[in-house]
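Protein chains: 2
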Amino acid sequence: MSTPARPESVADPGDGGAVAGSARRQDTRLDSYVDRYAARTHGMKASAVRALFAVANRPEVVSLAGGMPNIADLPLNVVGDAMREMILDVGPQAMQYGSGQGEPELREQICEVMSLEGIAAHPDDVTVTVGSQQALDLLTRIFCDPGDVVLAEAPSYVGALNTFGAYQSRVVHVGMDDHGLDPAALREACASLQRHGARAKFLYTIPNFQNPAGLSQPVQRRRELIEVAREFDLLIIEDNPYGLLNLAGDPLPAMRSMDAERVIYLGSFSKTFAPGFRAGWVLAPHAVREKLVLAQEAATLCPPVFSQFAVSKYLSSHDWRGQIESFKSMYAARRDAMLAGLSEHMPAGTTWTRPDGGFFVWLTLPEGLDSQAMLPRAVSNRVAYVPGTAFYADGLGSRNMRLSYCYPTPERIIEGTKRLGEVLGRELELHETFGLHDQPRAVERSQAPRPDQR
Amino acid sequence: MSTPARPESVADPGDGGAVAGSARRQDTRLDSYVDRYAARTHGMKASAVRALFAVANRPEVVSLAGGMPNIADLPLNVVGDAMREMILDVGPQAMQYGSGQGEPELREQICEVMSLEGIAAHPDDVTVTVGSQQALDLLTRIFCDPGDVVLAEAPSYVGALNTFGAYQSRVVHVGMDDHGLDPAALREACASLQRHGARAKFLYTIPNFQNPAGLSQPVQRRRELIEVAREFDLLIIEDNPYGLLNLAGDPLPAMRSMDAERVIYLGSFSKTFAPGFRAGWVLAPHAVREKLVLAQEAATLCPPVFSQFAVSKYLSSHDWRGQIESFKSMYAARRDAMLAGLSEHMPAGTTWTRPDGGFFVWLTLPEGLDSQAMLPRAVSNRVAYVPGTAFYADGLGSRNMRLSYCYPTPERIIEGTKRLGEVLGRELELHETFGLHDQPRAVERSQAPRPDQR
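As they're listed, the protein sequences go chains D and S.
Following the UniProt record's numbering, the numbering of the first sequence begins with 1 at its first residue and continues without gaps.
Following the UniProt record's numbering, the numbering of the second sequence begins with 1 at its first residue and continues without gaps.
Since the hints were made in silico from the structure, they are not lab data.
All residues carry an ideal CB built from backbone N, CA and C; glycine is no exception.
Misleading hints may appear alongside valid ones.
[Claimed, not checked] Derived Cβ-Cβ restraints for the label pairs, each shown as a range:
(1) K45(D) / P75(S): 45 to 51 angstroms
(2) K45(D) / D31(S): 35 to 41 angstroms
(3) H42(D) / R195(S): 27 to 33 angstroms
(4) E429(S) / D233(D): 56 to 62 angstroms
(5) V219(S) / A54(D): 39 to 45 angstroms
(6) H318(D) / D319(S): 28 to 34 angstroms
(7) E188(D) / D35(S): 22 to 28 angstroms
(8) H318(D) / V78(S): 21 to 27 angstroms
[What the hints assert, rightly or not] One side only, chain S facing chain D, incomplete, derived with CB under 7 angstroms:
(9) Y33
(10) R36
(11) A38
(12) M68
(13) L76
(14) G80
(15) M83
(16) Q133
(17) D137
(18) C144
(19) D145
(20) A166
(21) F277
(22) A287
(23) A298
(24) V305
[Unchecked claim] Derived pair list, reagent style SDA-like, types lysine to any residue, alpha-carbon separation capped at 25 angstroms:
(25) K328(S) / L88(D)
(26) K45(S) / V149(S)
(27) K45(S) / D124(D)
(28) K418(D) / N381(D)
(29) K45(S) / D145(D)
(30) K45(S) / H122(D)
(31) K45(D) / D125(S)
(32) K45(D) / A287(S)
(33) K45(D) / D148(S)
(34) K45(D) / R262(S)
(35) K45(S) / H286(D)
(36) K45(D) / Q168(S)
(37) K45(D) / P123(S)
(38) K45(D) / H122(S)
(39) K418(D) / S329(D)
(40) K328(D) / L88(S)
Taking the hints into account, I'd like the entire structure generated from these sequences.
As structure tokens, this is what we get:
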């Protein structure tokens, strides 16, 4: 594998199954296995925008769609030497089957990482997963029967929505305000379920630099949300891939640091080191951890051992905290470029969030525009984004889009916002000339939560 | 991670969830989350022998229980240099997110590997998985609703039984004879289902050096089984981790080489290179492959990219075919030691299979003995095995045990058979003195298939 070519389609933590994957062969053939599939499989469908994103990955297109971290600054010679040394030292262990729960030394290091967010945890309560995506998969497997309700922010991470859908769960979205998930909306959602004799299996939330909204919960907000959860005996899954990438200062205390029995915490090395190792984890109360290990053994026997030794070696031999600081400077410059570009190039009536970290800005279009309908025209103008509808289980979000600043250079980001501004300008002209036919349905306008009113 | 210590419990392709995993904390606490779990979770239980196997992993015990390959002969300096070079060449790609289907270059190399067994395949029909265990997980997810029937050999791989159980499938065992899965028994099982208005979602079979029975299907037998499958429109999942480890000569043609639309093929690098990378794959008809990729994206976004680049680099830079020949010589010596030790030390009335490859011998105890009941006494005598009941979904197998020759040295293997012979001798004495109280139930004796009558 000596050429640095990328496959034409690459999984992406921002896009998940909605836009990633192979578009090489379009499925025009009949599926002769269709009567054999499980009920859950009939809900697995490739997104309509999948083929479009194959085009959007061309180099002439500025992609503000992806969620890939920029790992170009990782010192390859340091990593290469460390891996060679690791193999010579402990290769026979690193290349052997390992613990279904994950390697003990890595689990200890994970506890050190989590201590930066105020979490006091025991390595025995940590389960290593194939990225935190697999943590979502195993938790949904453990908790959710078909039809079970899961609460999630409106909008929420598309990869989580895919996984909840793969287990036939029913996602109920809960609104956000400037400070992220709204405790009043959460209370109302729980009360409404209660009135219908139902209960949510858990709340799924991303407290820091939420994907896709870019909003963060202040400390007091986290406490309020936990209060509501106690009131309704609600479990919380706290997904925290971006927490250490706080551009405004030190990391905030995790929700898990405030309640060890009610909060199940998901972490990942994908954004603080590199995603290719697929090393994530779950910190869960002991009884849940036991189920997670059984589920992990049925799913993979054990998470990738070589990856775990590699990450462990990186953490013990490299200044990983310094590397995170360097990532933060790089992302800060890109975030600033995105915000400057939007200020300069967006037409009146467009609004967007101003994230303190993470990878994403959530943009709301002027009334009458539809982000999914205009995507082909944007790609023609050599800029790509993810339409807001991808982040809702219920079809909302047509006036929204997610813009990511993690991967392109600042210059390309500014160029991308300029191209996007041109597309929006032409859409508005069309809309003014021809009126309402491109408008989203009324229900979407009136009910869509607006996390960007700040 | 500078010390070569192993965790006290290690996942194991032979034992799966039945015996692997952490026994550090015994679960004596109440599970306060129990009313929140999905229905499928209530079936996830740690095996009763799990704690015992923590003891069995002590160095003074000869473990004939594990299924870990012996990778001590891998040239660490070659692998270490190759990994360093790979990182310097393509590190930014190897450490980034990748394709949900798996890296294109590795999929091409996988097709080369499969050509050794007569398979002509296109890389686009290959999906990379987190070991072939995950292939089982994704296929069961795609095909099986709760209550669906899966056919499997009697006995069958415990890790597969775990996965089928995790999706609440119902396993129907099909008998074997000297040549592996019996076509007449398969026909009868299919006909019986048909009479009850049911149909199996698929047949799960391991044609080469079956785990745990150690039996192989001759070429003609494979054709006969495919004929029966055609007769009943049955899908076949061909699991082939050991096919290239044929100690008797060249690999046999895979079932997949005889029918590309009816056979879904699972492969793995765990036994031909090393398991720690967790690199397996599925070769499936196009429509199924599309579902697999969607399921993979929901499960992990993408299989471990770094592992894939590592395996790919190993295949392109090392004489992997020569390495397999060297593995074969090493395993042949161990297999021979096992068979010699059994011939010398087993009491009359004990029978066992004589594998041509793979890792396992299946042993049948003299009438009246129970392998699970005597396991604690065997471990006290410093020898461990897996009781036959682990390999049945229906409680049979109490007169059987699986003995593995893959991991201990020939000397240790012979010592292990000696210790096992002592235990059997004492069990027989007890049995003769005190009669029938240790006997397995009559139903198990009369119905248990006996793959070892050769």
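Here is what the structure says about each hint:
Distance hint for K45(D) and P75(S): a CB-CB separation of about 46 angstroms, consistent with the stated range 45 to 51 angstroms. Between K45(D) and D31(S) the Cβ separation comes to about 36 angstroms, which falls inside the hinted range of 35 to 41 angstroms. Between H42(D) and R195(S) the Cβ separation comes to about 28 angstroms, which falls inside the hinted range of 27 to 33 angstroms. Taken as a hint, the range 56 to 62 angstroms holds for the pair E429(S) and D233(D), whose Cβ atoms sit roughly 58 angstroms apart.
For V219(S) and A54(D), the Cβ-Cβ distance of about 42 angstroms falls inside the hinted range of 39 to 45 angstroms, so the restraint holds. For H318(D) and D319(S), the Cβ-Cβ distance of about 33 angstroms falls inside the hinted range of 28 to 34 angstroms, so the restraint holds. Separation of E188(D) from D35(S) is about 24 angstroms and conforms to the stated range, judged on CB atoms against 22 to 28 angstroms. At roughly 25 angstroms, the beta-carbon separation of H318(D) and V78(S) lies within the given 21 to 27 angstroms, and the hint holds.
Hint status for Y33(S) relative to chain D: holds, with the closest Cβ pair at about 5 angstroms, below 7 angstroms. Of the supplied interface hints, the one on R36(S) holds, with its beta-carbon coming within about 6 angstroms of a beta-carbon of chain D, less than 7 angstroms. Checking A38(S) against chain D by beta carbon gives a least distance of about 5 angstroms; that is within 7 angstroms, so the hint holds. With a least beta-carbon distance of about 5 angstroms to chain D, the hint placing M68(S) at the interface is held under the 7 angstroms criterion.
Hint status for L76(S): holds, given a least beta-carbon distance of 4 angstroms to chain D, under 7 angstroms. A cut of 7 angstroms between beta carbons decides the hint on G80(S): the least distance to chain D is about 4 angstroms, and the hint holds. Taking 7 angstroms as the C-beta cut-off, the interface hint given for M83(S) holds, the closest approach to chain D being about 5 angstroms. Contact between Q133(S) and chain D, as hinted, is supported at the beta carbon level, the nearest pair being about 5 angstroms apart and thus within 7 angstroms.
Hint on D137(S) holds. Least Cβ distance to chain D is approximately 5 angstroms, under the 7 angstroms limit. Look at C144(S): its Cβ gets to within about 5 angstroms of chain D, closer than 7 angstroms, so that hint holds up. At a threshold of 7 angstroms, the smallest CB-CB gap from D145(S) to chain D is about 5 angstroms, leaving the interface hint in force. Here the hint on A166(S) is kept, as its CB sits about 4 angstroms from the closest CB of chain D, short of 7 angstroms.
Interface hint at F277(S): satisfied, since its Cβ lies 5 angstroms from the closest Cβ of chain D, which is below the 7 angstroms cut-off. Because the beta carbon of A287(S) sits about 4 angstroms from the nearest beta carbon in chain D, less than 7 angstroms, this interface hint is met. At its closest, the beta carbon of A298(S) sits 4 angstroms from a beta carbon of chain D; the interface hint therefore holds under the 7 angstroms criterion. Checking V305(S) against chain D: minimum C-beta separation of about 4 angstroms stays under 7 angstroms; hint holds.
Taking the CA atoms of K328(S) and L88(D), the gap is near 24 angstroms; set against the 25 angstroms cutoff, the hint holds. Proximity of K45(S) to V149(S) is assessed by CA-CA distance (about 21 angstroms); at most 25 angstroms being required, the pair is judged to hold. Distance hint between K45(S) and D124(D) is fulfilled; the C-alpha atoms sit about 18 angstroms from each other, no more than 25 angstroms. A distance of roughly 10 angstroms separates the Cα atoms of K418(D) and N381(D); the hinted pair therefore holds under the 25 angstroms criterion.
For the given pair, K45(S) sits about 18 angstroms from D145(D) by alpha-carbon distance, which is consistent with the 25 angstroms threshold. About 23 angstroms separates the Cα atoms of K45(S) and H122(D), which keeps this hinted pair within 25 angstroms; it holds. A threshold of 25 angstroms between alpha carbons decides the hint, and for K45(D) with D125(S) the separation of about 18 angstroms falls inside it, so the pair holds. Our distance criterion of 25 angstroms between C-alpha atoms is met by K45(D) and A287(S), whose separation comes to about 12 angstroms.
Restraint check for K45(D) and D148(S): satisfied, since their Cα atoms lie roughly 23 angstroms apart, inside the 25 angstroms limit. Restraint check: the Cα-Cα separation between K45(D) and R262(S) comes to about 23 angstroms, which is no more than 25 angstroms; the hinted pair holds. At roughly 15 angstroms between alpha-carbon atoms, K45(S) and H286(D) fall within 25 angstroms of each other, so this suggested pair holds. Of the supplied pair hints, the one linking K45(D) and Q168(S) holds, its CA atoms being roughly 24 angstroms apart against a limit of 25 angstroms.
Restraint check: the Cα-Cα separation between K45(D) and P123(S) comes to about 22 angstroms, which is no more than 25 angstroms; the hinted pair holds. The hinted pair formed by K45(D) and H122(S) meets the criterion: a straight-line CA distance of about 23 angstroms does not exceed 25 angstroms. Taking the CA atoms of K418(D) and S329(D), the gap is near 24 angstroms; set against the 25 angstroms cutoff, the hint holds. In summary, the hint linking K328(D) to L88(S) is supported, as the alpha carbons are separated by about 24 angstroms, within the 25 angstroms threshold.
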